[in-house]
Amino acid sequence: MTRRLDVLVCSGAACVSSHSAKVREALTQEISRQGLGDEVRLVETGCMGPCELGPVLLVYPDGAFYIRVQPGDAAEIVEEHFLKGRPVQRLLWEDPEARRIAEKRKLVPFFEKQSKIVLANCGMIDPENIEEYIAANGYEALGVAITEKTSEQLIQTIIDSGLRGRGGAGFSTGLKWGFVAREESPTKYVVCNGDEGDPGAFMDRSLLEGDPHSIIEGMAIAAYATGAAKGYIYVRAEYPLAIKRLRTAIEQARHEGLLGERILETGFSFDLEVRIGAGAFVCGEETALIASLEGQRGTPLPRPPYPSTVGVFGKPTLINNVETWANIRHIILHGAEWFRSVGTDKSPGTKVFALSGNVCNTGLVEVPMGTTLRELVFDIGGGIPGGKGFKAVQTGGPSGGCIPAEHLDTPIDYESLKALGTIMGSGGVIVMDEDTCMVNIAKFFLDFSCDESCGKCIPCRIGTRQMKGILERITEGQGRPDDVGKLRELASVLKATSLCGLGQAAPNPVLSTLEHFADEYDAHIVDHRCPAKVCKPLIRYGIDKSQCRSCDVCRKACPVEAISGTPGGGPYVVDDEVCIRCGSCADVCPFGAIHVAAGAEVSVAVPGNGAI
Amino acid sequence: MHKQPAHNACYTKLSEIIQANRHIDGPLIQVLHQAQELFGYIPTEVQQFVAQEMEIPPSTVRGVVTFYNFFRTEPQGQHTINICLGTACHVKGAQRIVDVLVDELGIHVGETTADGRFTLTAVRCVGACGLAPVMMIDDEVYGKLDREKVREALQRYAA
Ligand SMILES: Cc1cc2nc3c(=O)[nH]c(=O)nc-3n(C[C@H](O)[C@H](O)[C@H](O)COP(=O)(O)O)c2cc1C
Ligand code: SF4
Ligand code: FES
Numbered sequence: 001m002t003r004r005l006d007v008l009v010c011s012g013a014a015c016v017s018s019h020s021a022k023v024r025e026a027l028t029q030e031i032s033r034q035g036l037g038d039e040v041r042l043v044e045t046g047c048m049g050p051c052e053l054g055p056v057l058l059v060y061p062d063g064a065f066y067i068r069v070q071p072g073d074a075a076e077i078v079e080e081h082f083l084k085g086r087p088v089q090r091l092l093w094e095d096p097e098a099r100r101i102a103e104k105r106k107l108v109p110f111f112e113k114q115s116k117i118v119l120a121n122c123g124m125i126d127p128e129n130i131e132e133y134i135a136a137n138g139y140e141a142l143g144v145a146i147t148e149k150t151s152e153q154l155i156q157t158i159i160d161s162g163l164r165g166r167g168g169a170g171f172s173t174g175l176k177w178g179f180v181a182r183e184e185s186p187t188k189y190v191v192c193n194g195d196e197g198d199p200g201a202f203m204d205r206s207l208l209e210g211d212p213h214s215i216i217e218g219m220a221i222a223a224y225a226t227g228a229a230k231g232y233i234y235v236r237a238e239y240p241l242a243i244k245r246l247r248t249a250i251e252q253a254r255h256e257g258l259l260g261e262r263i264l265e266t267g268f269s270f271d272l273e274v275r276i277g278a279g280a281f282v283c284g285e286e287t288a289l290i291a292s293l294e295g296q297r298g299t300p301l302p303r304p305p306y307p308s309t310v311g312v313f314g315k316p317t318l319i320n321n322v323e324t325w326a327n328i329r330h331i332i333l334h335g336a337e338w339f340r341s342v343g344t345d346k347s348p349g350t351k352v353f354a355l356s357g358n359v360c361n362t363g364l365v366e367v368p369m370g371t372t373l374r375e376l377v378f379d380i381g382g383g384i385p386g387g388k389g390f391k392a393v394q395t396g397g398p399s400g401g402c403i404p405a406e407h408l409d410t411p412i413d414y415e416s417l418k419a420l421g422t423i424m425g426s427g428g429v430i431v432m433d434e435d436t437c438m439v440n441i442a443k444f445f446l447d448f449s450c451d452e453s454c455g456k457c458i459p460c461r462i463g464t465r466q467m468k469g470i471l472e473r474i475t476e477g478q479g480r481p482d483d484v485g486k487l488r489e490l491a492s493v494l495k496a497t498s499l500c501g502l503g504q505a506a507p508n509p510v511l512s513t514l515e516h517f518a519d520e521y522d523a524h525i526v527d528h529r530c531p532a533k534v535c536k537p538l539i540r541y542g543i544d545k546s547q548c549r550s551c552d553v554c555r556k557a558c559p560v561e562a563i564s565g566t567p568g569g570g571p572y573v574v575d576d577e578v579c580i581r582c583g584s585c586a587d588v589c590p591f592g593a594i595h596v597a598a599g600a601e602v603s604v605a606v607p608g609n610g611a612i
Numbered sequence: 001m002h003k004q005p006a007h008n009a010c011y012t013k014l015s016e017i018i019q020a021n022r023h024i025d026g027p028l029i030q031v032l033h034q035a036q037e038l039f040g041y042i043p044t045e046v047q048q049f050v051a052q053e054m055e056i057p058p059s060t061v062r063g064v065v066t067f068y069n070f071f072r073t074e075p076q077g078q079h080t081i082n083i084c085l086g087t088a089c090h091v092k093g094a095q096r097i098v099d100v101l102v103d104e105l106g107i108h109v110g111e112t113t114a115d116g117r118f119t120l121t122a123v124r125c126v127g128a129c130g131l132a133p134v135m136m137i138d139d140e141v142y143g144k145l146d147r148e149k150v151r152e153a154l155q156r157y158a159a
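Order-wise, the sequence lines are chains A and B.
Once you know that position 538 of the first sequence is 538 in our numbering, the rest is easy, because the numbers rise by one and skip nothing.
Once you know that position 159 of the second sequence is 159 in our numbering, the rest is easy, because the numbers rise by one and skip nothing.
Pulled out of the complex, with its shape left as it was, chain A reads as follows:
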């Protein structure tokens, strides 16, 4: 019998952690039990996107999309669908019931508002099988490039396409290729930056895991265009699956004559090696990455000289981000005009974002540049869960900033985001609801930058520590009147004098929250109050007398015996001196009687609102 069905099982990180492996095992067992081994094939794919609905399955050719599949559903799916051809309605996302859930959770736009170019293969093909990639027009662009085009033509096409680096800075990719091509050197390198250090981002990971050949193809085209014979893919050690799949893909490409000597029987030779990082955020910066790739401590160097002149082992080097590489083959195949027809004039194409935080639909999304933040957060993301209000959306990770509600209609492109005091960054988008304290968020990012500062230059090494210290004391209720001024002063020194982008951009989270949420800083510093009720020294736990039924649950849950009372003996009380503000009591109270007040000082109990 021939193969009838391909069942794609998402094995992106989120689905794996919702135990997609167990679902796959159960399916495998059922398939062989029903004797369908030859007809139905299970394929492990990269992230399909809607992580919130995992584990998810996609069945080809009928396109049935199953959500929230449990191992226990395997028997039914195999028997009803794979054997009898009747998809299991209750698990399909289009099913009226599932669709109603999807609609209620505003999930329809999650699927319908996206436009997938670089992610088109992710979740659709088996990343460990080069034939599937080739079947999806894979390596066609490479073939066209090396047999029909000159270096100049290719570079001109990339310049004309307007493609800009997706690693954060948004520099013209075509111009960069041109710089490297122009260098007179017998040895040149191309490098893929797969360090993806932004905490809260997993776009590059999904691409490397879900479509590794698209990166290889992009790099091979660039190697031909710039005159490089060797390339490196630098991947962070935290992504073992990506490393494994890349190595498999490279092996397969070599075997097919798509890497190695005399590719496709032309005079062009190119080979790739995977290099593993070792956990340092600064190694995403290109000069630090090069040092790390060479086996050294990853500290940045002053630029110029740029890597395009002096790069890996001192040779001219072209370095691009994972997603930038993944765009190349599409531009070569469909042309610069086509690429420019997507996105905006100055930022053509699409961008992949990792949507997370306080948003209903989390996961990986790809939208045309120029989509507004509102569309991203409220349409595709489905808004804020739990009926909470929106407070801010953060882009650009530790180098970016927070955007408040009034700017939600800003189109996503490099310039517009910059004007708001943030950056496009690599694509992490974190949505924050009303319960988020913006001073705490600023402190979080400064803590990160301080931790990750390589220590090479003084403004960053000491400046981040100082800024973090000030933020710490503000969140502890020890803020001083001139602290905001001090933060601004330090920020301008860091921006102006740090050696690399880490130090230069580290103040951004502070500056953007100062700009858009100044009142929260005032509340902390002047009133010793944390309006979002996050900063522990600035909140108090209390029990609402009218709601407490003296059930004793909270007293038992408190790890420090701060709660006293006797069962049935009237409202319990919290001893503020003893309380460590761990929130255990609020978690367990069946009557919602535990309340948090946003101030260190005792406020007068107002009947009805629960403040103590």
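A portion of the hints provided could be inaccurate.
Straight-line Cα separation of at most 20 Å, SDA-like style, residue types lysine to any residue; simulated pairs [as the list claims (entries may be wrong)]:
| hint | chain 1 | residue 1 | chain 2 | residue 2 |
| --- | --- | --- | --- | --- |
| 1 | A | K545 | A | P571 |
| 2 | A | K536 | B | D99 |
| 3 | A | K556 | B | D99 |
| 4 | A | K545 | A | A586 |
| 5 | B | K144 | A | I67 |
| 6 | A | K533 | B | D99 |
Simulated from the structure, these hints should not be mistaken for lab results.
Given chain A, put chain B with the ligands in place with the hints provided.
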């Protein structure tokens, strides 16, 4: 402590790895990754061995080992708990999960329990932000954590 024969075998293997990497440019970090896989961590003796075999100063090796978060110079517990402190997890209350872990295990981040069962470390994003807050115990990801789920997860490794 490692038993001596096993230890010797590790050194022999490491020596082979170093030989095998001689032909590549700038191999130190790649060698150290494999050394850590062999020994579980990279103590001073291993650093010195690498330096000697690769004919580079021990200070160079130490400089690299201490620069990167991924390399450990202390032995690890039987299971490693990596609590994610990335942005998405932070926004979803990762700090409270840290508090619960610290409370349950009686150790701080970066420490190992007295019985050698757990090492608690913090990482920045494991790439499962959609399930925040997240932790990993060895290779297993645990998502959408709350106090109860943390306790349940720890239970599994208690035996
Ligand atoms: C502190 C710091 C971290 C960076 N991290 C990354 C990263 O994780 N991935 C990435 O592609 N670029 C990162 N970059 C940007 C790179 O330096 C470089 O601009 C980029 O890899 C160029 O590729 P592109 O033109 O395709 O964007 C980082 C820059 C700085 C200053
Ligand atoms: S700015 Fe910070 S990270 Fe960059 S070189 Fe200076 S100390 Fe290192
Ligand atoms: S921030 Fe925790 S998994 Fe990404």
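- request: If any of the earlier hints don't hold here, list their numbers in rising order.
  value: Violated hints: none at all, because every hint is consistent with the structure.
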